[in-house]
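Residue numbers (the working numbering), protein chains in the order written: chain V, 181 to 591; chain L, 101 to 243.
Think about it this way: if two alpha-carbon atoms lie no more than 30 Å apart in a straight line, the pair counts; the simulated DSSO-like pairs of lysine-lysine are:
(1) V:459 to L:139
(2) V:589 to V:378
(3) V:384 to L:212
(4) V:459 to L:210
Just so you know, the hints here were simulated from the structure itself, not pulled from any lab data.
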Amino acid sequence: MTESAVVSAAITEWAEAGKSTPPLMDRLAEAAVRALKNAKINPKDLDAIITNTTALPFKEESYITISAQHFAHRLAEKIGTHGTRCMNVCAACASAAISFAVADAMIKAGLIKTALVAGADNSPRGFYFQGPSVLDADLAVSYPHKAVGITNPSYWAMWARRRAYEVGKPVEDIKKLMALVKELQSTYSVHNPYARYKKTFTTKEVLDSPIVCDPLHLYMICAVSSGAGAAIVADMEMAKKITDKPVKIAASTIGSVVYGEPSPRLVYFTTAGGVKAKKPFIEWRRVIEEAYKQAGIRAEDIDILECHDTSCFHTINWIDQVKGWEREETDKLIRNRQIRHDGDFPVNLSGGTSSFGEAVMCQALMMIHELVLQLRGEAGERQAKKKLRTGMCTAYGAYGSYGAIILEKGW
Amino acid sequence: MDKEKKKIPIVEGLFTWPSDKPQLIGSRCPLCGSIQFPKSNVCNNPDCDHSKPPEEILLSTKGTLYSYTIHRYDLRDPFPYHKAPYAIGAIEIPEGINVIARLTVTEERKLKIGMPMIFKVDKLYEDEENVYLTYFFQPEGEK
Numbered sequence: 181m182t183e184s185a186v187v188s189a190a191i192t193e194w195a196e197a198g199k200s201t202p203p204l205m206d207r208l209a210e211a212a213v214r215a216l217k218n219a220k221i222n223p224k225d226l227d228a229i230i231t232n233t234t235a236l237p238f239k240e241e242s243y244i245t246i247s248a249q250h251f252a253h254r255l256a257e258k259i260g261t262h263g264t265r266c267m268n269v270c271a272a273c274a275s276a277a278i279s280f281a282v283a284d285a286m287i288k289a290g291l292i293k294t295a296l297v298a299g300a301d302n303s304p305r306g307f308y309f310q311g312p313s314v315l316d317a318d319l320a321v322s323y324p325h326k327a328v329g330i331t332n333p334s335y336w337a338m339w340a341r342r343r344a345y346e347v348g349k350p351v352e353d354i355k356k357l358m359a360l361v362k363e364l365q366s367t368y369s370v371h372n373p374y375a376r377y378k379k380t381f382t383t384k385e386v387l388d389s390p391i392v393c394d395p396l397h398l399y400m401i402c403a404v405s406s407g408a409g410a411a412i413v414a415d416m417e418m419a420k421k422i423t424d425k426p427v428k429i430a431a432s433t434i435g436s437v438v439y440g441e442p443s444p445r446l447v448y449f450t451t452a453g454g455v456k457a458k459k460p461f462i463e464w465r466r467v468i469e470e471a472y473k474q475a476g477i478r479a480e481d482i483d484i485l486e487c488h489d490t491s492c493f494h495t496i497n498w499i500d501q502v503k504g505w506e507r508e509e510t511d512k513l514i515r516n517r518q519i520r521h522d523g524d525f526p527v528n529l530s531g532g533t534s535s536f537g538e539a540v541m542c543q544a545l546m547m548i549h550e551l552v553l554q555l556r557g558e559a560g561e562r563q564a565k566k567k568l569r570t571g572m573c574t575a576y577g578a579y580g581s582y583g584a585i586i587l588e589k590g591w
Numbered sequence: 101m102d103k104e105k106k107k108i109p110i111v112e113g114l115f116t117w118p119s120d121k122p123q124l125i126g127s128r129c130p131l132c133g134s135i136q137f138p139k140s141n142v143c144n145n146p147d148c149d150h151s152k153p154p155e156e157i158l159l160s161t162k163g164t165l166y167s168y169t170i171h172r173y174d175l176r177d178p179f180p181y182h183k184a185p186y187a188i189g190a191i192e193i194p195e196g197i198n199v200i201a202r203l204t205v206t207e208e209r210k211l212k213i214g215m216p217m218i219f220k221v222d223k224l225y226e227d228e229e230n231v232y233l234t235y236f237f238q239p240e241g242e243k
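Let's have the full structure, built from the sequences with the hints guiding it.
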């Protein structure tokens, strides 16, 4: 099998959502062109363009729809191609991780030599709602908001409370832990020119912020943002010609719904499978285990993690799943501040999605961008102190969408 | 004299109505026994050959609280009738699935993971014309 690598990555500064300028396509093109420039290649050299699609029912004037489902083709037209392969991928918050995995698979299969993976988003503010559609009135997912009033953070809050229960701690315990995660991660936002919120939130500020749905406070939940990102991936032979620091793609996996998962999954009414609850988050774990298998490594080999944290609970749960630990060890790692840049296991030195706000369709590109900088030693003030060889990026999205990526120094 | 308002489910097909003893409407695969809520036209078990459509069944009205949260923000349009505070829970029913539901109580001290819960249908909100109903779970013994 051919080896593959990331040769360049670029992101725009994440900004407030719901603003009409600059237009989404301009941002997408800006990120793509910067990635091309970093790789010193031209659009003609791209064998494929894979972007993420979106269709968010917001207010009428900001309804992103049909044309946004065809970003790849529009980007091809905008930057110019000689008929390259174009694809549009959608997997909720995990979208960009999945398009990255598709590009990687095509390269490893020998079908193409280069691909541009890109995404842009301008998400609606506030809670996401399932749009009522007469043509897609699916009892399973179309009505939980309408009938129950459940929102995405309500699922996360229930997960957090359940974890506290399962480890036999009062809910205040995980609340404090989530506040500490926010403080530690936001420390790095100050040093990241691309983060939307360049501010350290102290544990006290987080716990003083309004409760959204207990145990989640406002500052434990990521905002929604606009932004764009791009990465150029290539087969290793070509990557080595382009850069002296190719970042090897050791694994890229695509996960989804696991029958029997006991934990309530966004945005459904029920769990599936008729299996009595056992240890939750099988789906999260599965995509990670497959990545370890692909890369031929173990959890102990991961030096640094960028994980998708739409709430601070996600960071805690990702560490549980990536390490495969009993959960007390995760709590200890965080309490001892070992997830900082100078710690044993740095996590989200980008500042995390909680410092960026989420631009859903390109959020994984933000994480990939950070890992590329970290592995190359180019992250400046945020640079991990320990010697890095292997990094992981994990993404979680609604409907049961998951992606995991392992990147390694390829030089 | 005021005409009595009509009581209608907020979403058709989730629970039996009108009924003195309403229940959630689910489905069961006649081949593998996989239970779904809401009911589906196909089985969801990947190990089943899916050759027969699931049959409609009514689900248990008792369960235990798997987890819960109390929402402190009102929802905006198109669901402004979800007024804070309101509680949401995941209820583990004997069929072995966790069902997301509104809870009748919003005081945290009255809720505890693992406690027994009873199903009921009650008012979600009303307008000039109708009373809109949804399904709730209530701590056993709570009035």
